[in-house]
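K.L.:
Sequence:
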Amino acid sequence: MLLSEQAYKKIDREIAKYPADQKQSAIMASLTIAQQEKGWVSPEVIQDIADYLGYPPILVEENATFYNMYDVRPVGKFKISVCTNLPCALRDGEKTADYLKEKLGIGFRETTADGTFTLVEGECMGACGDSPVLLVNNTHMCVRMAREKIDAMISELSAAAKGAAA
Numbered sequence: 001m002l003l004s005e006q007a008y009k010k011i012d013r014e015i016a017k018y019p020a021d022q023k024q025s026a027i028m029a030s031l032t033i034a035q036q037e038k039g040w041v042s043p044e045v046i047q048d049i050a051d052y053l054g055y056p057p058i059l060v061e062e063n064a065t066f067y068n069m070y071d072v073r074p075v076g077k078f079k080i081s082v083c084t085n086l087p088c089a090l091r092d093g094e095k096t097a098d099y100l101k102e103k104l105g106i107g108f109r110e111t112t113a114d115g116t117f118t119l120v121e122g123e124c125m126g127a128c129g130d131s132p133v134l135l136v137n138n139t140h141m142c143v144r145m146a147r148e149k150i151d152a153m154i155s156e157l158s159a160a161a162k163g164a165a166a
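Residue numbers (this note's numbering): 1 to 166.
Heads up, a few of these hints could be off.
Computed beta-carbon distance windows for the label pairs [as the list claims (entries may be wrong)]:
| hint | residue 1 | residue 2 | range |
| --- | --- | --- | --- |
| 1 | THR65 | GLU148 | 15 to 25 Å |
| 2 | LYS101 | ALA20 | 13 to 23 Å |
| 3 | ALA20 | ALA152 | 48 to 58 Å |
| 4 | SER25 | ALA152 | 35 to 45 Å |
Using 16 Å as the maximum straight-line C-alpha spacing, the simulated EDC-like pairs for lysine to aspartate or glutamate come out as follows [unchecked claim]:
| hint | residue 1 | residue 2 |
| --- | --- | --- |
| 5 | LYS162 | ASP114 |
| 6 | LYS95 | ASP51 |
| 7 | LYS149 | ASP114 |
| 8 | LYS103 | ASP151 |
| 9 | LYS103 | ASP51 |
| 10 | LYS23 | ASP51 |
| 11 | LYS77 | GLU156 |
| 12 | LYS77 | GLU44 |
| 13 | LYS95 | GLU121 |
| 14 | LYS149 | GLU123 |
| 15 | LYS9 | GLU44 |
| 16 | LYS103 | GLU156 |
| 17 | LYS95 | GLU37 |
| 18 | LYS103 | ASP114 |
| 19 | LYS38 | GLU62 |
Since the hints were derived computationally from the structure, they do not count as laboratory data. Cβ coordinates follow ideal geometry from the N, Cα and C atoms, glycine included.
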């Protein structure tokens, strides 16, 4: 078993939400729980979840690779998703992405050398009117991200990363 006992208890709670013959409905929640604990879903984690749920690994892997909120490669402490879908692109989403690339010195699907930031393109986040929109670690939405707000966010996250490392 690769995950903590607490993680498996959380997965058990998700499994209990569905009829016994529909445990596969808990795959996405299981992947989320695993990613929160491990930082990403490695092939070993995918295999472990598949074994735990009693399904072939390919079924779990299909979910992990289809949905962009799951990371099947290691990512930085802070994953920043930038919406560049058309409505956001028309409202400076692409300019925001370019600014982040320049500021962090990385491109999409890359991680800073210190392991702090990973930058990815995100799919529509349902906040087109608040563009440019960023999502940090799949949980914290940042809207109307002008350069000053981006600078403040990067400074705050960098400080948090350094504080956690100390």
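K.L.:
Report the numbers of all earlier hints that the structure fails to satisfy, in ascending order.
P.N.:
Result: hints 1, 2, 6, 7, 9, 12, 14, 15, 17, 19 break, sorted rising.
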